[in-house]
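Protein chains: 2
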Amino acid sequence: MQIMDQFGAAPGAESVRMPDGTERTLAAEHAAAILVNEQPAFRVVCTPELLPQLALGRLLTEGWITSADEVERVAVCAQGLKISVQLRHPLAAAEQAGQEVPSCCTDNLTLASPVQLPPLAPVPQREIPAAWVDALADAMGQGLPLYRATHAVHSCLLLRAGKILYRCEDLGRHNALDKAVGCALTEGVPLAECVLFTSGRVPVDMVRKAIRAGVPALVSKSMPTVQSLELAEEYGLKLFIRQKK
Amino acid sequence: MQIMDQFGAAPGAESVRMPDGTERTLAAEHAAAILVNEQPAFRVVCTPELLPQLALGRLLTEGWITSADEVERVAVCAQGLKISVQLRHPLAAAEQAGQEVPSCCTDNLTLASPVQLPPLAPVPQREIPAAWVDALADAMGQGLPLYRATHAVHSCLLLRAGKILYRCEDLGRHNALDKAVGCALTEGVPLAECVLFTSGRVPVDMVRKAIRAGVPALVSKSMPTVQSLELAEEYGLKLFIRQKK
Chain A
1 MQIMDQFGAA PGAESVRMPD GTERTLAAEH AAAILVNEQP AFRVVCTPEL LPQLALGRLL
61 TEGWITSADE VERVAVCAQG LKISVQLRHP LAAAEQAGQE VPSCCTDNLT LASPVQLPPL
121 APVPQREIPA AWVDALADAM GQGLPLYRAT HAVHSCLLLR AGKILYRCED LGRHNALDKA
181 VGCALTEGVP LAECVLFTSG RVPVDMVRKA IRAGVPALVS KSMPTVQSLE LAEEYGLKLF
241 IRQKK
Chain B
246 MQIMDQFGAA PGAESVRMPD GTERTLAAEH AAAILVNEQP AFRVVCTPEL LPQLALGRLL
306 TEGWITSADE VERVAVCAQG LKISVQLRHP LAAAEQAGQE VPSCCTDNLT LASPVQLPPL
366 APVPQREIPA AWVDALADAM GQGLPLYRAT HAVHSCLLLR AGKILYRCED LGRHNALDKA
426 VGCALTEGVP LAECVLFTSG RVPVDMVRKA IRAGVPALVS KSMPTVQSLE LAEEYGLKLF
486 IRQKK
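As they're listed, the protein sequences go chains A and B.
Sequential numbering from 1 applies to the first sequence in the working numbering.
Sequential numbering from 246 applies to the second sequence in the working numbering.
This is chain A alone, in the form it adopts within the complex (with noise of 0.2 Å):
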């Protein structure tokens, strides 16, 4: 896989005067297209780094793509507006371009895929030791120089072997799972031994996420819904409610 990355970063706050006059650092909103095979596939608006990550992880936590090894190549222009996707083979056009599909409750927008999604499988099974869950939870707080700026954004680690590998923040807690699961996949880091922790909510788009990403365990500070524990006990996902200490 190529990256072809002009654009880089941009800082993700900045320092503001407030209605009030007091002075503020705010988290930064930038918004980009994710393009595959030409084909415009997703609008995200996300904080301006780690772009060609944000844009894989996405295509797998959404089921576009299944491993990294489909990428041919990913290039982000010079502003960062666009995030090219060159896949090595074409896309599967969805049988009924405009059907129904089963949506989550902050992408309620989205009616259809364009392409034919493959059905979830189930996770790797892989014992999960405590100490790995606290590792995560400790780690809150600790490297996240965004939220601890602004307090306004959402974090999503990524451990193996006991080990956080990656820090990821962004405005939403969907685009901060997909750029820790872009850098694993850039890196060659096989999901199937890594653990995910978010510090946002766990309803089923999450763990919809977490599944296609095919990790065995998500770890998280909030409370799943129903329909989340459901669907993680259904694939397989390991999910431990854990509190920052």
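Hints listed in this document are in silico derivations from the structure and should not be mistaken for laboratory results.
Here a beta-carbon is modelled for each residue, glycine too, at the ideal position from N, C-alpha and C.
Take the hints with a grain of salt, since some may be wrong.
Claimed, not checked - Computed list of lysine to aspartate or glutamate pairs in DMTMM-like fashion (alpha-carbon distance at most 25 Å, straight line):
| hint | chain 1 | residue 1 | chain 2 | residue 2 |
| --- | --- | --- | --- | --- |
| 1 | A | Lys238 | B | Glu438 |
| 2 | A | Lys82 | A | Asp5 |
| 3 | A | Lys221 | B | Asp265 |
| 4 | A | Lys221 | A | Glu193 |
| 5 | B | Lys408 | B | Asp383 |
| 6 | B | Lys466 | A | Glu23 |
| 7 | B | Lys466 | B | Glu478 |
| 8 | B | Lys483 | A | Glu23 |
| 9 | B | Lys466 | B | Glu479 |
| 10 | A | Lys82 | B | Glu475 |
| 11 | B | Lys466 | A | Asp20 |
| 12 | A | Lys221 | B | Glu268 |
What the hints assert, rightly or not - If you only want the chain A side, here are some residues facing chain B, beta carbon under 10 Å, derived:
| hint | residue |
| --- | --- |
| 13 | Thr25 |
| 14 | His151 |
| 15 | Asp205 |
| 16 | Ile241 |
Fit chain B to the given chain A structure using the hints.
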């Protein structure tokens, strides 16, 4: 406006056994399609109450309608899976159905609106007494049964003339706000005299919703982004950040 609701509501939370054997109360996710003039418009995943209000609020805050007067009928089917909104006028089709429109970090699968959305308009200006903002912040944690039971949902309060009229809860901050706005629409409460409180983050998507709702002020526990602060200033929306006491 006629509301024909054959569904009503279902419990927003259920008691379930967790993987560790404990009994917990978790929020319930419910999926429904919102149709406008028979055309699929939105897919929502939400807690299963206030569905007509959610649909009405969503249409207003996304720019599909500008007042409840445009709505002839809202019909919810017996299973709560379809919310059909019949307008008094045909929908104006977007000039370029394939065009990309700005989206938000959490609605980021959307590529285009099938209808022509009017531009944002400035919100009405109104003096907001500090006591109103305090009342909203103080009300957090009171009268929010779903949050108290699950600790995993968002809320939105609507205040008029210093008095809290609606307390809406949902899985997502967008839905909670749309339900509160929809409550005002169904009961003829003038939104120009109201203040909204959201328990969630306030990126551009939430500021845009408040501007479309036509409220003079939005109160939040959380910081805005650089861009949402700018958008609020451009359209005269007052933003207040007030932590729960």
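Hint-by-hint comparison with the structure:
1. Pair hint A/Lys238 plus B/Glu438 does not hold up; C-alpha atoms about 48 Å apart against a cutoff of 25 Å.
2. For a cut-off of 25 Å, the pair hint linking A/Lys82 to A/Asp5 stands: about 10 Å separates their Cα positions.
3. Using a Cα cut-off of 25 Å, the hinted pair A/Lys221 and B/Asp265 holds, with the two alpha carbons roughly 16 Å apart.
4. Of the pairs offered as hints, the one joining A/Lys221 and A/Glu193 holds, with about 21 Å between alpha carbons and a cut-off of 25 Å not exceeded.
5. Between B/Lys408 and B/Asp383, the direct Cα distance comes to roughly 12 Å. Compliance with the 25 Å bound is thereby established for this hinted pair.
6. In summary, the hint linking B/Lys466 to A/Glu23 is supported, as the alpha carbons are separated by about 18 Å, within the 25 Å threshold.
7. For the hint linking B/Lys466 to B/Glu478, the alpha-carbon distance of about 19 Å falls within 25 Å, and the restraint holds.
8. Using a Cα cut-off of 25 Å, the hinted pair B/Lys483 and A/Glu23 holds, with the two alpha carbons roughly 17 Å apart.
9. Straight-line distance between C-alpha atoms of B/Lys466 and B/Glu479 comes to about 22 Å, which keeps the hinted pair within the 25 Å bound.
10. Taken as a hint, the A/Lys82 and B/Glu475 pair is honoured in the structure, with Cα atoms around 24 Å apart against an allowance of 25 Å.
11. Of the supplied pair hints, the one linking B/Lys466 and A/Asp20 holds, its CA atoms being roughly 16 Å apart against a limit of 25 Å.
12. In summary, the hint linking A/Lys221 to B/Glu268 is supported, as the alpha carbons are separated by about 18 Å, within the 25 Å threshold.
13. Below 10 Å, beta-carbon pairs count as interface contacts, and A/Thr25 has one with chain B at about 9 Å; its hint therefore holds.
14. For A/His151, the interface hint holds, the least distance from its beta-carbon to any beta-carbon of chain B being 6 Å, beneath 10 Å.
15. Satisfaction of the interface hint for A/Asp205 is found here, the shortest Cβ-Cβ separation to chain B being roughly 8 Å, below the 10 Å cut-off.
16. Taking 10 Å as the C-beta contact cut-off toward chain B, the hint placing A/Ile241 at the interface holds, the least distance being around 8 Å.
In this structure, the one hint that does not hold is number 1.
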